[in-house]
Amino acid sequence: MRLRPQAWIGGTVVALVLLTALLAPWLAPQDPAAQELERRLEAPSWGHPMGFDELGRDILSRMIYGARVSVGVGLSVVLLAGAVGTALGAVSGFAGGRVDTVLMRISDVFLAFPGILLAIALVAVLGPALRHVVLALVVIGWVGYARLVRGQVLQIREQEFVLAARTVGVPPYRVLWVHVLPNVLPTLMVQASLGMAGAILAEAGLSFLGLGIQPPTPSWGAMINAGRSHLLDAPHLALFPGGAILLTVLGLNFLGDALVDALNPRLERDLERLPRSS
Amino acid sequence: MSQYLLRRLAQVVPVVLLVATLVFSLIHLIPGDPVELMLGDGARAADVEALRSSLGLDRPLGEQYLDFMKGLAVGDLGSSLHFRRPVTALLVESYPATLELAVASMAVALLIALPLGILAALRRDRFADHLSRFLSLLGVSMPNFWLGPMLILVFAIYWNLLPVSGRSGWASLVLPAITLGTALAGLLTRMVRSSLGEELHRPYVVTARAKGLLRWQAVVRHALRNALVPVVTIVGLQFGALLTGAIITETIFSWPGLGRLLIQAIRLRDYPLVQGCVLVIAVTYVLVNLVTDVMYAFLDPRIRYREEAA
Chain F
1 MRLRPQAWIG
11 GTVVALVLLT
21 ALLAPWLAPQ
31 DPAAQELERR
41 LEAPSWGHPM
51 GFDELGRDIL
61 SRMIYGARVS
71 VGVGLSVVLL
81 AGAVGTALGA
91 VSGFAGGRVD
101 TVLMRISDVF
111 LAFPGILLAI
121 ALVAVLGPAL
131 RHVVLALVVI
141 GWVGYARLVR
151 GQVLQIREQE
161 FVLAARTVGV
171 PPYRVLWVHV
181 LPNVLPTLMV
191 QASLGMAGAI
201 LAEAGLSFLG
211 LGIQPPTPSW
221 GAMINAGRSH
231 LLDAPHLALF
241 PGGAILLTVL
251 GLNFLGDALV
261 DALNPRLERD
271 LERLPRSS
Chain V
1 MSQYLLRRLA
11 QVVPVVLLVA
21 TLVFSLIHLI
31 PGDPVELMLG
41 DGARAADVEA
51 LRSSLGLDRP
61 LGEQYLDFMK
71 GLAVGDLGSS
81 LHFRRPVTAL
91 LVESYPATLE
101 LAVASMAVAL
111 LIALPLGILA
121 ALRRDRFADH
131 LSRFLSLLGV
141 SMPNFWLGPM
151 LILVFAIYWN
161 LLPVSGRSGW
171 ASLVLPAITL
181 GTALAGLLTR
191 MVRSSLGEEL
201 HRPYVVTARA
211 KGLLRWQAVV
221 RHALRNALVP
231 VVTIVGLQFG
241 ALLTGAIITE
251 TIFSWPGLGR
261 LLIQAIRLRD
271 YPLVQGCVLV
281 IAVTYVLVNL
291 VTDVMYAFLD
301 PRIRYREEAA
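Line by line, the protein sequences are chains F and V.
Sequential numbering of the first sequence, starting at 1, is according to our numbering.
Sequential numbering of the second sequence, starting at 1, is according to our numbering.
Hints may contain errors.
[To be verified] Chain V stretches covered by chain F per the calculated footprint, using a threshold of three residues with CB under 8 angstroms from any CB of chain F: (1) 215-229; (2) 260-268; (3) 285-296.
[As the list claims (entries may be wrong)] Covered stretches of chain V (in silico footprint by chain F; criterion: 3 or more residues with CB under 8 angstroms from a CB of chain F, positions within the stretch not fixed): (4) 53-63; (5) 86-93; (6) 135-143; (7) 166-178; (8) 240-248.
Keep in mind the hints are simulated off the structure, nothing from the lab.
Note that the structure is predicted; figures quoted are calculated from it, not measured.
Quick reminder that beta carbons are idealized off the backbone N, C-alpha and C, glycines included.
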């Protein structure tokens with residue numbers, strides 16, 4: 001498998017963001033909640049390269065801690081939605097028949113309902129909280145994995161090595177687990193990197209609307225929202241967190257895109273027909 | 001064709017009913033007592049009871065559901081708690097603004113995506129192609145809740161060229177339409193590129209060139225027409241997505257559409273209005289998808305034959 005330079009650029013950006021999130025307590029120069037009220041809205045300087053926010057908090061430190069929210073939500077959503085979607089998609093494709101019909105009709109309803117609207121509605125009624133955001137994004141995210149995995153399983157289960165395994169009496173769950181699923185993995189990785197980009201954008205969007213992570217926990221989306229009322233006097237408030245989201249999502253999309261190219265050019269079209277959660 | 005149309009219409013009915021059921025159940029998902037939540041902590045017990053009975057929340061669930069569905073059939077979605085007006089009236093007032101924004105954003109997206117995608121397909125693996133791929137990924141990755149404020153900063157505050165917010169004439173439409181259309185432009189550029197790229201290798205394009213057509217004639221008259229069929233589907237599906245994506249854009253620009261109304265309703269805990277907004281946006285999405293499917297079948301007869309055979 002040959003990867004384009006794009007993959008390395010994307011991979012490096014993603015790795016840096018992951019490291020930042022992991023090492024936040026050691027990297028952040030200050031407590032992200034510590035306030036110096038007399039320095040409110042202060043512009044970037046050598047000592048504080050991203051300046052201070054509307055409550056006199058160091059923006060660089062808040063950005064570093066904000067990476068934890070983005071990465072945490074992104075990873076949890078991808079893992080949970082990926083697990084649920086893969087399980088249902090694999091069973092649906094492998095079992096076929098009535099199970100397949102029922103599961104696919106359920107997924108039709110989820111696809112018919114606009115994703116982000118469902119997420120907003122769910123968080124609106126459940127109340128703004130980190131776990132509700134994750135729950136809402138998993139509820140709208142599993143369908144993409146289920147459809148993709150089902151399609152792949154349908155193709156793979158007809159291949160000779162699967163037929164051979166079944167003929168010699170390997171039980172169905174083992175055939176699925178040992179012979180079919182490992183072949184779905186590359187496709188899943190692509191969907192996971194694109195899905196994580198979507199989840200990070202959606203979390204930031206919800207937090208921007210005030211429906212996501214609540215203050216004082218730093219979230220990039222909420223920081224942009226706070227910066228909106230200071231566009232005139234302190235544009236740096238919105239500039240940095242937005243740039244961070246853009247870079248992270250761009251990195252993930254670069255990576256996913258390069259993986260698609262390397263794995264299977266035809267996959268590109270299948271993926272583009274799936275709704276993104278953002 | 002009419003048979004196909006009827007079948008697709010019949011498929012939409014259960015989906016709309018399920019969407020309505022989902023919207024109905026939203027208010028019952030609220031942890032705790034929704035009425036106390038709507039009125040806040042200081043509410044008098046008598047007011048709580050009055051609101052509960054006016055919303056019908058004191059009656060059995062089955063009865064509430066039937067009433068909700070009956071109301072829906074005649075366009076009665078109850079009254080907004082905050083605005084003290086019928087929800088339907090508020091929705092009807094906001095709808096045109098959302099539609100206007102969606103159409104304008106689609107126009108922005110197509111104006112960017114068509115030339116960029118065609119250029120990329122014709123200059124495959126050259127500089128223009130790489131640039132177009134990068135730009136389209138940048139567009140897809142751009143958070144619109146950041147792009148919006150940045151556009152306001154540059155075009156409305158620094159250069160004072162366009163209004164910051166509101167809906168007053170075409171000038172106020174420009175920034176929201178760019179904000180909402182950018183991500184879609186990225187997606188469509190990729191679609192046009194890959195779709196046209198495939199068509200360019202087909203024998204009929206070679207034939208067209210062989211009989212003496214210039215390259216651009218072969219592309220525009222023959223390849224592009226076929227290449228745009230899958231693009232039409234994406235345009236349709238994404239038009240539905242634009243209506244929902246407008247929630248954030250409308251909030252940024254105080255654009256008086258359905259999305260802003262929904263966010264207002266959520267902040268005010270005006271649940272009948274929340275239900276109404278979610279329902280209208282979701283049903284519009286379903287209907288737009290239906291129209292897209294039908295258009296696709298109309299443009300590409302293979303689809304409907306396959307469906308009819310199935």
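Taking the hints in turn, this is what the structure says about them:
| no. | hint | verdict |
| --- | --- | --- |
| 1 | 215-229 | violated (count 0) |
| 2 | 260-268 | holds (count 4) |
| 3 | 285-296 | holds (count 3) |
| 4 | 53-63 | violated (count 0) |
| 5 | 86-93 | violated (count 0) |
| 6 | 135-143 | holds (count 6) |
| 7 | 166-178 | violated (count 0) |
| 8 | 240-248 | holds (count 7) |
Consistency note: the structure conflicts with the earlier hints numbered 1, 4, 5, 7.
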